[in-house]
Amino acid sequence: MCLHTENECTEAEDIKIQCGIFQGDSLSPLLFCICLIPLMDQLNRLNTGYEEHITNTKISHLLYMDDLKLIAESEEELRKQIQTV
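According to the working numbering, the sequence shown is numbered sequentially starting from 27.
Incorrect hints may have been included.
Under the rule of at most 16 Å between Cα atoms (straight-line distance), these lysine to aspartate or glutamate pairs were calculated in the EDC-like manner [what the hints assert, rightly or not]: (1) LYS84 - ASP67; (2) LYS106 - ASP67; (3) LYS95 - ASP67; (4) LYS84 - GLU99; (5) LYS84 - GLU103.
Restraint-style ranges between C-beta atoms, simulated for each label pair [said to hold, decoys possible]: (6) GLU34 - ILE63: 14 to 22 Å; (7) ASN33 - VAL111: 17 to 25 Å; (8) PRO64 - TYR90: 16 to 24 Å; (9) CYS28 - SER52: 29 to 37 Å; (10) SER54 - ARG105: 28 to 36 Å; (11) CYS28 - MET66: 15 to 23 Å; (12) GLY50 - SER100: 35 to 43 Å; (13) THR36 - CYS61: 38 to 46 Å.
The set of hints was computed from the structure by calculation and includes no laboratory data. None of the values given here were measured: they were computed from a predicted structure. Ideal Cβ placement from N, Cα and C applies to all residues, glycine included.
I would like the entire structure built from these sequences, with the hints used as guidance.
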């Protein structure tokens, strides 16, 4: 397995999963959101999207439950976001 960091890929041993969380389990939504944090960080680092004028922050994506919306000013920015996802 290859773990990606900012500028490198580190090889790691495979993780053997013995059992998982069942759909409908109360931990399932929380763990799902926790797993998406690295993806959200990567999308934020791209510095793409539309700038909100009051706070001067860029909005590059919206996440609601299991629905991810990518927001870009150009097709090139959208391609970068899709490549990251």
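Now for the hints, and whether the structure bears them out:
1. LYS84 - ASP67: Holds, at roughly 13 Å.
2. LYS106 - ASP67: 14 Å, holds
3. LYS95 - ASP67: 15 Å, holds
4. LYS84 - GLU99: Judged against 16 Å, a Cα distance of about 11 Å means the pair holds.
5. LYS84 - GLU103: Satisfied, since the Cα-Cα distance of roughly 13 Å is no more than 16 Å.
6. GLU34 - ILE63: 14 to 22 Å: 20 Å, holds
7. ASN33 - VAL111: 17 to 25 Å: Given range 17 to 25 Å: holds, Cβ gap about 20 Å.
8. PRO64 - TYR90: 16 to 24 Å: 18 Å, holds
9. CYS28 - SER52: 29 to 37 Å: Given a distance of about 32 Å, which is inside 29 to 37 Å, the answer is holds.
10. SER54 - ARG105: 28 to 36 Å: 32 Å, holds
11. CYS28 - MET66: 15 to 23 Å: Holds: the Cβ-Cβ distance is about 21 Å, inside 15 to 23 Å.
12. GLY50 - SER100: 35 to 43 Å: 41 Å, holds
13. THR36 - CYS61: 38 to 46 Å: 19 Å, violated
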